[in-house]
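**Q** Chain order of the listed sequences is A and B. Going by our numbering, 264 is the number at position 264 of the first sequence; the sequence numbering is gapless. Going by our numbering, 377 is the number at position 377 of the second sequence; the sequence numbering is gapless.
The reader is advised that the hints may include incorrect statements.
In this list, chains with the same sequence are indistinguishable; a pair is considered to hold if it fits within one copy or across any two.
Cross-link-like lysine-lysine pairs, in silico, DSBU-like; alpha carbons within 30 Å at most [what the hints assert, rightly or not]:
{"#": "1", "residue 1": "K127", "residue 2": "K234"}
{"#": "2", "residue 1": "K87", "residue 2": "K322"}
{"#": "3", "residue 1": "K87", "residue 2": "K286"}
{"#": "4", "residue 1": "K127", "residue 2": "K63"}
{"#": "5", "residue 1": "K63", "residue 2": "K87"}
{"#": "6", "residue 1": "K127", "residue 2": "K286"}
{"#": "7", "residue 1": "K87", "residue 2": "K284"}
{"#": "8", "residue 1": "K63", "residue 2": "K114"}
{"#": "9", "residue 1": "K241", "residue 2": "K87"}
{"#": "10", "residue 1": "K129", "residue 2": "K63"}
{"#": "11", "residue 1": "K234", "residue 2": "K53"}
{"#": "12", "residue 1": "K114", "residue 2": "K127"}
{"#": "13", "residue 1": "K127", "residue 2": "K55"}
{"#": "14", "residue 1": "K221", "residue 2": "K274"}
{"#": "15", "residue 1": "K129", "residue 2": "K241"}
{"#": "16", "residue 1": "K141", "residue 2": "K87"}
{"#": "17", "residue 1": "K286", "residue 2": "K129"}
{"#": "18", "residue 1": "K53", "residue 2": "K127"}
Derived by calculation from the structure, the hints in this document are not laboratory data. Only a predicted model underlies this, so the values are computations on that prediction, with no experimental measurement involved.
There are 2 protein chains.
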Amino acid sequence: MALIVQKFGGTSVANAERIFNVANRVIETYDSDNDVVVVVSAQGDTTDDLIEKAKEINPRASKREMDVLLSTGEQQSMALLAMAIEKLGRPVISLAAWQVGLATDSNYSNARIKRVMGNRIQTELDKHKIVIVAGFQGINKFDDVTTLGRGGSDTSAVALAAALGAELCQIFTDVRGVYTADPRIVPNAKQLTDISFDEMLELASLGANVLHNRSVEVARKYNVNLEVLSSLEKAPGTVVKEVNSVEKMLVRGVARDNDVARISLVNLDNTPGKAFQVFGLLAKHKINVDVIIQSIGRGGKKDISFTVPLGSLDTVLDVLEKNRELIGAEHIDHTENISKVSIVGVGMASNTGVAATMFEALYDAGININMISTSEIKISVLIDKRDAERAVRAIHDKFNLGD
Amino acid sequence: MALIVQKFGGTSVANAERIFNVANRVIETYDSDNDVVVVVSAQGDTTDDLIEKAKEINPRASKREMDVLLSTGEQQSMALLAMAIEKLGRPVISLAAWQVGLATDSNYSNARIKRVMGNRIQTELDKHKIVIVAGFQGINKFDDVTTLGRGGSDTSAVALAAALGAELCQIFTDVRGVYTADPRIVPNAKQLTDISFDEMLELASLGANVLHNRSVEVARKYNVNLEVLSSLEKAPGTVVKEVNSVEKMLVRGVARDNDVARISLVNLDNTPGKAFQVFGLLAKHKINVDVIIQSIGRGGKKDISFTVPLGSLDTVLDVLEKNRELIGAEHIDHTENISKVSIVGVGMASNTGVAATMFEALYDAGININMISTSEIKISVLIDKRDAERAVRAIHDKFNLGD
Chain A
1 MALIVQKFGG TSVANAERIF NVANRVIETY DSDNDVVVVV SAQGDTTDDL IEKAKEINPR
61 ASKREMDVLL STGEQQSMAL LAMAIEKLGR PVISLAAWQV GLATDSNYSN ARIKRVMGNR
121 IQTELDKHKI VIVAGFQGIN KFDDVTTLGR GGSDTSAVAL AAALGAELCQ IFTDVRGVYT
181 ADPRIVPNAK QLTDISFDEM LELASLGANV LHNRSVEVAR KYNVNLEVLS SLEKAPGTVV
241 KEVNSVEKML VRGVARDNDV ARISLVNLDN TPGKAFQVFG LLAKHKINVD VIIQSIGRGG
301 KKDISFTVPL GSLDTVLDVL EKNRELIGAE HIDHTENISK VSIVGVGMAS NTGVAATMFE
361 ALYDAGININ MISTSEIKIS VLIDKRDAER AVRAIHDKFN LGD
Chain B
1 MALIVQKFGG TSVANAERIF NVANRVIETY DSDNDVVVVV SAQGDTTDDL IEKAKEINPR
61 ASKREMDVLL STGEQQSMAL LAMAIEKLGR PVISLAAWQV GLATDSNYSN ARIKRVMGNR
121 IQTELDKHKI VIVAGFQGIN KFDDVTTLGR GGSDTSAVAL AAALGAELCQ IFTDVRGVYT
181 ADPRIVPNAK QLTDISFDEM LELASLGANV LHNRSVEVAR KYNVNLEVLS SLEKAPGTVV
241 KEVNSVEKML VRGVARDNDV ARISLVNLDN TPGKAFQVFG LLAKHKINVD VIIQSIGRGG
301 KKDISFTVPL GSLDTVLDVL EKNRELIGAE HIDHTENISK VSIVGVGMAS NTGVAATMFE
361 ALYDAGININ MISTSEIKIS VLIDKRDAER AVRAIHDKFN LGD
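Bound conformation, chain A alone (with noise of 0.2 Å):
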């Protein structure tokens, strides 16, 4: 007897009938002899749908009732899935955060899990039920509804596995698991049968859209054994684990990024402390912020580029704006015609030519690389959104990735 954590996204219960293919899964497992916790995301558009109805109402809404209002999506799955299982005969029940007590901060819309209390959980599994939770959302230290960010429900999976101390965490998605490429941009790109946490979190922060970072980080902390895997096809997904030792590529994957907008602050005052003003204030903001390039000062001047998430431009923009005279930039430029193509694999670092082969692959594919930012396991590139697939092509043949 083994403890399971599954989780299932919007898409895999948008509907009745996907709904039942969910509930049939967890039975699967279920009778296999295990106890089985699930957690569900809201359906298909539902939270989009949620959204759109608040801007009707309130753009500037805050963000605690937005939280409120968006956590409603995930307990309305959790119930119609639980309703499916009962159909079924088995023993089911649904909890929303507060009755797990899964304890989070309270930023609200973007919270971070504190701690997860497993032991309603505990007692509901005792009673033989399958206990299906809604993911995205916790509770914070004055009893109000927070939100998790966009893909939480990963995160809620994973920090309930580490709580429960679950044997694994199945994370089920759209696609049968961790690709060295996005299969829509390279027919050809394999599917990896590991990866290790690093390199996992290096491709979901750079756009692979296969797990939530956060999700993996705390994996990584707690050394949840994570899988990923298709709801719709049965098939071995990717195992993400602490040591990857069984491939010995050098380079796993190419990751495209287009959720990213560029901003530069053009002749500063090449005094010190520049970079703290500006980067002090967008943290106080909460603005991620990403890659940070800063011209070597000449004529008393100097330039900084960053890039930021699409959404959070706007918020962006208007700080440097409200601040313009403290920060002293002649020009803020930005745009959002912009991709990232990143190249990712714990051997990097160790291995020199593997960025002069990247930049070859673009430079025989004719692409113009506007930035360039490194790390021990990842090289990204910025360059014009529309090369940004063809990018990715060339890359991919170039280290020879595919089947």
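Please arrange chain B on chain A, whose structure you already have, making use of the hints.
**A** Just chain B, lined up with the frame of chain A:
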């Protein structure tokens, strides 16, 4: 500074425009230096839509999971109303039943409020916030979500008013108040400026559709000042209060109830305990039986006829059929083609001739009476459904209740 509880129904918050209408009504009260607690129902058809969704998956879903599902409707509307009030620049917070501590029994789908912990609301009122509370929902001792049955938001509002010691509980609805009869049936029906709890109770349970009857029971028990008024126009409503001595009208109103089915048990053995057997059985299945008539036994046999809400008919027939031998009836007849028409007024019991006048009105209109039932303050007759509106008009005229 007074504390006022205001309740708005589903029609009042059906779309963005109406939500702002409600927000303005609330703010008007708040700006007149009052503390305001607002209770909202789910938007328009939300509850019906959710019921449909559940039926598609499992028509026999557990009531616990139905309550989890249905309670999301009120959580959505409370958040949306909060956003509208935020937009209009007043401090506001929305709270669900579990946050308010609105404790009920565990009779899912039709739970009764046991007590309300008002401290969270008081804390928010002390911060001078407008507090919005989800109607219709509660939590039981297991920390599970319950719902209070159709129209339960009225009861939520009155229970909160009682627990918080509110000066006034205003129930906003789509009519101006309580009338001597349904104005859609009787064009010259007159609005009452006040009405006693007892009269209101009879009218509510007799299908006047203005207030949920349990809300009136709670208001009477805790002596809550209740006012029924229009959410659409600004006009004085009808005050429901303990003693009614302002208007000296004998008959206060005429009500029609179409939500009624009649069951007849024909040719029962005329032995003691029959009524106990039948109604004990129905009570065990939580069926509300209304009018009961037993014919005088002759020839060793008797008939028992009674009425139940339409929604209970299938269950009742099922229960009776399963216990046919025990009951020992020759036939079990039933009809849905029936209406209950009633007159209500506190002075009736001590006045002779009221019943006779009512029956005369029906005789003059050529309407046949099926069953008669009387209490201290009401007289009800069961008649053919097609005669019901005519009957209401005839009685209303006979007692000169109109303007």
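**Q** Each hint should be assessed against the structure and marked as holding or not.
**A** Here is what the structure says about each hint:
{"no.": "1", "hint": "K127 <-> K234", "verdict": "within (29 Å within a copy, 55 Å between copies)"}
{"no.": "2", "hint": "K87 <-> K322", "verdict": "between (58 Å within a copy, 22 Å between copies)"}
{"no.": "3", "hint": "K87 <-> K286", "verdict": "between (45 Å within a copy, 23 Å between copies)"}
{"no.": "4", "hint": "K127 <-> K63", "verdict": "between (37 Å within a copy, 19 Å between copies)"}
{"no.": "5", "hint": "K63 <-> K87", "verdict": "between (37 Å within a copy, 13 Å between copies)"}
{"no.": "6", "hint": "K127 <-> K286", "verdict": "between (43 Å within a copy, 27 Å between copies)"}
{"no.": "7", "hint": "K87 <-> K284", "verdict": "between (50 Å within a copy, 24 Å between copies)"}
{"no.": "8", "hint": "K63 <-> K114", "verdict": "within (19 Å within a copy, 33 Å between copies)"}
{"no.": "9", "hint": "K241 <-> K87", "verdict": "neither (36 Å within a copy, 47 Å between copies)"}
{"no.": "10", "hint": "K129 <-> K63", "verdict": "between (34 Å within a copy, 17 Å between copies)"}
{"no.": "11", "hint": "K234 <-> K53", "verdict": "between (37 Å within a copy, 28 Å between copies)"}
{"no.": "12", "hint": "K114 <-> K127", "verdict": "both (27 Å within a copy, 27 Å between copies)"}
{"no.": "13", "hint": "K127 <-> K55", "verdict": "between (43 Å within a copy, 27 Å between copies)"}
{"no.": "14", "hint": "K221 <-> K274", "verdict": "neither (34 Å within a copy, 68 Å between copies)"}
{"no.": "15", "hint": "K129 <-> K241", "verdict": "within (29 Å within a copy, 49 Å between copies)"}
{"no.": "16", "hint": "K141 <-> K87", "verdict": "between (37 Å within a copy, 26 Å between copies)"}
{"no.": "17", "hint": "K286 <-> K129", "verdict": "between (40 Å within a copy, 26 Å between copies)"}
{"no.": "18", "hint": "K53 <-> K127", "verdict": "between (40 Å within a copy, 28 Å between copies)"}
Checked against the numbered hints above, the structure breaks hints 9, 14 and satisfies the rest.
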